[in-house]
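Using the sequences provided together with the hints, build the complete structure.
There are 4 protein chains.
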Amino acid sequence: MGNIHGQNFRIATFGESHGPAMGVVIDGCPPRVPFDINFLKSELARRRPGQSALTTQRKEEDLPEILSGISHDGFTLGSPIAIFIRNSDQRPQAYAEMKTAYRPSHADYTYDAKYGIRAIEGGGRSSARETAARVAAGAVAKTVLKHACGAKITAWVESVAEIKMPTPAQTPSLKQVEASPTRCPHPATAAKIDALIRAARAEGDSVGGVICCVIENLPPGLGSPVFDRFEADLGKAMLSLPATKGFEIGSGFNGTLLRGSAHNDEFIRKGGKIRTATNRSGGTQGGITNGEDVIFRIAFKPTATVLKPQRTVGPDGKATELSAKGRHDPCVLPRAVPIVEAMAALVAVDHWIRDRGQNAPFGRCGRKA
Amino acid sequence: MGNIHGQNFRIATFGESHGPAMGVVIDGCPPRVPFDINFLKSELARRRPGQSALTTQRKEEDLPEILSGISHDGFTLGSPIAIFIRNSDQRPQAYAEMKTAYRPSHADYTYDAKYGIRAIEGGGRSSARETAARVAAGAVAKTVLKHACGAKITAWVESVAEIKMPTPAQTPSLKQVEASPTRCPHPATAAKIDALIRAARAEGDSVGGVICCVIENLPPGLGSPVFDRFEADLGKAMLSLPATKGFEIGSGFNGTLLRGSAHNDEFIRKGGKIRTATNRSGGTQGGITNGEDVIFRIAFKPTATVLKPQRTVGPDGKATELSAKGRHDPCVLPRAVPIVEAMAALVAVDHWIRDRGQNAPFGRCGRKA
Amino acid sequence: MGNIHGQNFRIATFGESHGPAMGVVIDGCPPRVPFDINFLKSELARRRPGQSALTTQRKEEDLPEILSGISHDGFTLGSPIAIFIRNSDQRPQAYAEMKTAYRPSHADYTYDAKYGIRAIEGGGRSSARETAARVAAGAVAKTVLKHACGAKITAWVESVAEIKMPTPAQTPSLKQVEASPTRCPHPATAAKIDALIRAARAEGDSVGGVICCVIENLPPGLGSPVFDRFEADLGKAMLSLPATKGFEIGSGFNGTLLRGSAHNDEFIRKGGKIRTATNRSGGTQGGITNGEDVIFRIAFKPTATVLKPQRTVGPDGKATELSAKGRHDPCVLPRAVPIVEAMAALVAVDHWIRDRGQNAPFGRCGRKA
Amino acid sequence: MGNIHGQNFRIATFGESHGPAMGVVIDGCPPRVPFDINFLKSELARRRPGQSALTTQRKEEDLPEILSGISHDGFTLGSPIAIFIRNSDQRPQAYAEMKTAYRPSHADYTYDAKYGIRAIEGGGRSSARETAARVAAGAVAKTVLKHACGAKITAWVESVAEIKMPTPAQTPSLKQVEASPTRCPHPATAAKIDALIRAARAEGDSVGGVICCVIENLPPGLGSPVFDRFEADLGKAMLSLPATKGFEIGSGFNGTLLRGSAHNDEFIRKGGKIRTATNRSGGTQGGITNGEDVIFRIAFKPTATVLKPQRTVGPDGKATELSAKGRHDPCVLPRAVPIVEAMAALVAVDHWIRDRGQNAPFGRCGRKA
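Chains as they are written, first to last, in the working numbering: chain E, 451 to 819; chain U, 451 to 819; chain D, 451 to 819; chain L, 451 to 819.
To be clear, the hints were calculated from the coordinates, so they are not data collected in a lab. Take every hint as true, because none was put in to throw you off.
Note that identical chains are pooled: a pair holds if it fits in a single copy or bridges any two copies.
Below are the DSS-like pairs computed for lysine-lysine, each with C-alpha atoms no more than 30 Å apart in a straight line:
1. Lys720 - Lys758
2. Lys768 - Lys720
3. Lys723 - Lys549
Just so you know, these numbers come straight off a predicted model, no measurement behind them.
Written out as structure tokens, the structure reads:
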């Protein structure tokens with residue numbers, strides 16, 4: 451259990467890091483939505499390892515194969531969409547040491563504690579490779595959202611370790627985010643982050659940071675109080691990603707420093723719509739979207755794999771020392787950007803369908819029924 | 451939708467702030483667990499309004515009535531446990547202004563946007579009064595956890611606005627937390643927080659802050675990767691509470707400032723068990739509990755109700771000014787402490803049952819089958 | 451677990467037969483639907499014990515109390531609707547023998563086997579009294595369906611033991627069904643059934659039979675292949691009722707005797723719509739409604755409580771003899787009619803909302819948003 | 451939605467009849483269960499088209515590929531098990547007529563009504579080919595059940611059209627069932643059924659019938675009243691299969707003809723266990739297994755595809771005549787036997803895990819933790 455996400459737009463993911471393939475089955479996608487496999491490929495390429503000098507050098511083409519759910523002329527059928535991605539770069543031998551020593555702050559020990567058995571090679575299901583399936587599902591979710599309400603999702607790297615970009619005046623464009631392999635849209639900060647990650651790699655160490663994400667153009671009314679508040683589902687989705695340690699929406703932890711009179715978002719009338727003058731709420735009130743941008747941040751810890759020697763114990767409980775060897779990803783944040791967007795899209799489309807129904811007409815953009 | 455929580459230990463809550471009653475139905479409670487109504491009452495009393503000068507002066511006895519699920523001699527039957535709590539202090543007339551003006555940073559507008567109808571009086575379902583049902587369910591969950599694995603949950607107020615207590619050497623006791631109406635277990639800080647809240651009340655303003663919570667004695671192995679990670683479910687539960695803006699576990703946002711070599715928790719052998727030397731992970735790795743304390747923090751924004759005049763619009767879109775009158779809760783944090791504990795208990799017991807089954811024997815503490 | 455029904459229109463029921471109350475929480479009811487408490491009461495009255503000489507003489511007023519979810523002017527709010535019904539006629543002493551002997555074909559033994567504890571009095575959760583909560587929820591579901599699509603649900607007693615009414619030319623009216631306490635709409639058959647049930651009572655014995663049910667005016671398109679086919683969900687709902695042993699839709703078991711060429715429903719054009727010339731399919735094809743009447747049958751076994759002596763064993767495994775005393779319901783079918791309708795309404799409204807969304811506008815009948 | 455089955459042992463299936471592949475993702479399989487791919491293949495072979503002269507001549511190898519969830523040495527990992535099966539025999543051109551005419555009693559019209567788009571070739575998702583994924587999942591479920599409690603599931607063809615075998619004295623063996631391509635274990639009846647199916651094929655017509663199924667060795671205590679009764683979940687699972695029109699358990703519809711005193715199952719003590727002297731209940735009481743054999747029947751209508759000309763209309767509403775050509779399956783029952791068993795296994799394992807937990811130890815049979 452635990453590998454199915456969503457209530458009305460549901461995904462079931464599968465795949466071990468060094469098994470034959472990763473993949474996803476999407477149940478509940480509305481019918482008649484135009485599907486673009488090139489968009490799916492480009493999203494997977496943004497997450498793909500080996501895309502720049504800043505990330506792990508594992509080589510994966512990450513070419514998706516669509517097994518079901520799409521018509522011959524490229525529209526969703528309303529039936530389950532199955533996508534799978536072959537693993538090509540499997541090096542089980544590189545992980546021999548994992549049998550005899552639990553890697554600190556990895557999931558080796560807890561998987562043994564829970565399951566009593568473990569796919570030794572490369573972390574199995576706890577590997578970040580698992581997120582490839584999420585990005586594939588997210589590409590479908592983004593497509594549905596675009597046609598349903600024009601919603602757009604943009605994430606970017608806001609800080610790495612102690613280096614933080616200034617707050618942007620407006621949401622960066624995809625082009626600005628993709629301009630640097632760091633996925634930090636502020637060029638001066640991006641340069642510093644680039645240098646920092648290279649330095650961490652050289653030292654065999656790793657760094658964490660914060661990703662910021664914005665969902666634009668969501669209609670008011672999404673979210674299901676009291677338990678399935680929009681931000682609660684967003685938070686769960688983000689905290690289900692490997693290496694995440696925190697989530698905040700709108701003013702977040704810093705908002706606790708303000709007085710209520712300074713924190714409240716006054717309502718105004720603008721362009722014929724009810725809007726808020728400020729957006730400390732981050733786009734939701736009472737767990738329901740209010741039509742403003744949904745804005746949130748996620749904390750990623752520094753990658754657990756470091757090349758420096760560390761004390762640990764093995765499955766037999768004996769103390770030992772571990773020095774990781776070979777490939778290592780000194781900072782997951784640049785590659786986590788499309789993953790964050792994918793999870794945001796999955797949450798938003800799930801709530802949209804819950805509100806409007808699976809067969810809400812796609813008159814404008816989808817194929818006519 | 452949205453009023454049911456959990457997968458194997460499920461709760462359905464109901465009740466509008468100024469309707470006849472609040473309540474909960476619990477489905478999936480294991481049988482033969484000794485049930486203590488006095489514990490239920492004491493938990494509700496900790497959340498009750500009017501318990502100190504620091505909180506809202508609404509008067510509610512919050513006496514629970516058990517309608518089902520408990521045997522004559524006080525054991526759970528395995529059938530649904532229904533608990534309801536009458537609302538006594540209903541003052542619909544105090545909320546007349548809510549009909550003509552959306553209160554800033556409240557859910558008035560978003561409820562109208564979603565449902566097209568609203569229980570005008572006192573916030574209806576979006577009122578913090580809704581959390582009484584959660585605390586009732588949480589009392590049952592705490593009881594099951596105690597008998598299942600001896601788990602104990604303790605939350606406390608760590609900061610209010612800019613006033614923050616020092617990090618405690620060990621988890622505070624319930625007695626230490628309850629010693630001050632602020633529920634801050636550090637007496638010097640508690641005194642400052644007390645003064646700050648009184649000042650905010652006097653100014654007709656409000657303050658927010660951070661609650662810290664620890665779950666002790668959970669066994670390793672709880673949590674269901676990849677989507678239902680233990681901390682993901684915790685995060686969702688906390689972010690489903692009114693006024694929350696952030697969640698972090700273990701090192702959280704500050705952990706992003708460390709290098710991996712400094713952040714990792716080395717494994718050691720201690721007392722015959724595999725333990726970690728530090729606990730920056732916060733008690734989970736890969737989404738599964740590792741047997742260490744689960745430690746997390748929640749950010750609460752300053753209460754939206756302030757007595758100062760604010761600009762807003764009404765349902766008709768016309769600009770207006772709003773000055774709240776009457777009772778007002780300048781800081782929700784002290785009363786939120788038992789609510790946070792309740793949600794933590796609900797998440798933990800849900801995962802425990804998912805792992806062990808609904809009918810896991812309670813040989814030691816429960817009535818013999 | 452097991453006390454929550456539905457996916458998008460969800461109900462959680464509670465209550466032991468001789469506990470303080472029965473009840474239900476409804477989560478997911480669309481907002482702005484006019485709610486009529488008199489209709490709720492009349493539905494409960496149809497299920498109420500003691501309504502005629504043919505049923506159990508337990509005295510229950512079955513007066514519902516609405517605790518939440520309805521606005522002051524009588525519209526659904528979109529928030530959970532909680533309804534509870536006090537138990538008044540509690541006679542724990544009448545069930546003393548249940549402690550020492552498992553009643554044959556009752557759930558005493560299996561509840562002990564599953565839970566290791568049991569509400570001894572009157573069957574606890576396994577009592578047919580539990581269905582009062584279903585009827586209350588069904589009244590809400592029927593109201594939503596009426597306003598959503600004009601759907602109407604009618605059930606009736608088709609046979610009791612070997613006495614069976616002829617197949618009616620058209621769906622009987624509610625008035626025809628209610629004309630006899632047997633709820634068989636064919637007067638001559640009703641008279642025979644009435645006599646049969648009285649004879650069974652006089653002999654201390656019991657009888658079973660078949661209920662037929664029709665849902666009219668459902669739109670084409672409801673049902674979610676492959677697992678949540680409309681008839682699969684209907685079947686589950688009916689088989690979740692006490693004493694049911696079988697379910698069939700359309701031609702059912704007798705349909706297995708026909709050749710395909712004789713069984714198929716040819717499509718025709720009628721009144722500008724695509725219709726079928728016959729309805730052996732029973733209103734669904736491929737698990738999706740086709741716009742024809744949904745027609746199905748449910749088999750109820752003879753009531754397990756008989757006054758004749760029976761061999762059995764007790765919890766200690768010792769053989770004994772049991773003779774039930776006091777009140778006894780010789781035939782559950784007349785009272786099961788509104789229960790069957792309630793479950794059908796719950797299934798239909800759940801699929802309607804799944805298809806159209808929780809907030810599908812109720813422009814015509816509901817209050818304007 | 452609708453393509454995910456189960457609560458704690460969940461499966462998500464996918465695949466259109468003439469798309470690239472069919473498959474399933476299994477979430478919640480307990481870890482450390484020995485997995486035998488040959489058993490999986492043999493189960494698929496029992497469902498495979500073209501296995502005898504009695505079934506469709508579509509040629510499919512139905513070779514499964516395991517993509518995840520199994521360790522190198524053949525044990526389940528507790529992570530999702532993904533299985534997929536390539537479609538090889540695709541003949542889109544054979545279905546050209548389906549574009550212009552709705553096949554009577556097929557799902558062509560209802561899929562159009564629901565989705566507004568349809569995989570024209572061979573029925574898409576509504577094809578019986580979809581059940582290949584169920585059989586694959588069922589093979590895993592059967593394996594878990596065998597190791598968990600020794601449960602065994604056997605289905606067989608009891609009747610085809612008007613030809614019915616006598617009630618067997620004991621549950622037939624797999625060998626007896628497989629002895630005839632009809633899967634009727636009574637040789638004389640099997641011969642008549644064989645002849646009947648051949649005659650139906652020769653006439654371009656089709657026949658239906660009844661399958662009986664028994665689950666042996668389930669422990670008492672499985673099933674979750676009130677809605678998720680064991681037989682309710684069984685009924686839903688069976689009614690989710692294509693072409694089913696009815697389900698009954700134990701005495702079923704015929705049981706309605708008995709008096710209660712004759713229908714009740716008296717309890718006796720036998721072999722140190724509490725048993726029932728008869729089994730009209732069919733292995734459950736109050737929705738919970740009682741340790742007796744679970745016995746139930748499913749009605750399958752005659753296949754909708756017949757070669758005789760039939761009246762119908764097209765998507766444009768115009769009347770037309772349709773004569774199916776090419777391959778046709780005159781009777782689905784022989785191939786439905788392993789599918790019924792698969793669904794029964796999925797229901798039983800889901801309830802077993804719900805009761806005992808996902809990580810119930812498999813000390814005896816599974817790999818030691």
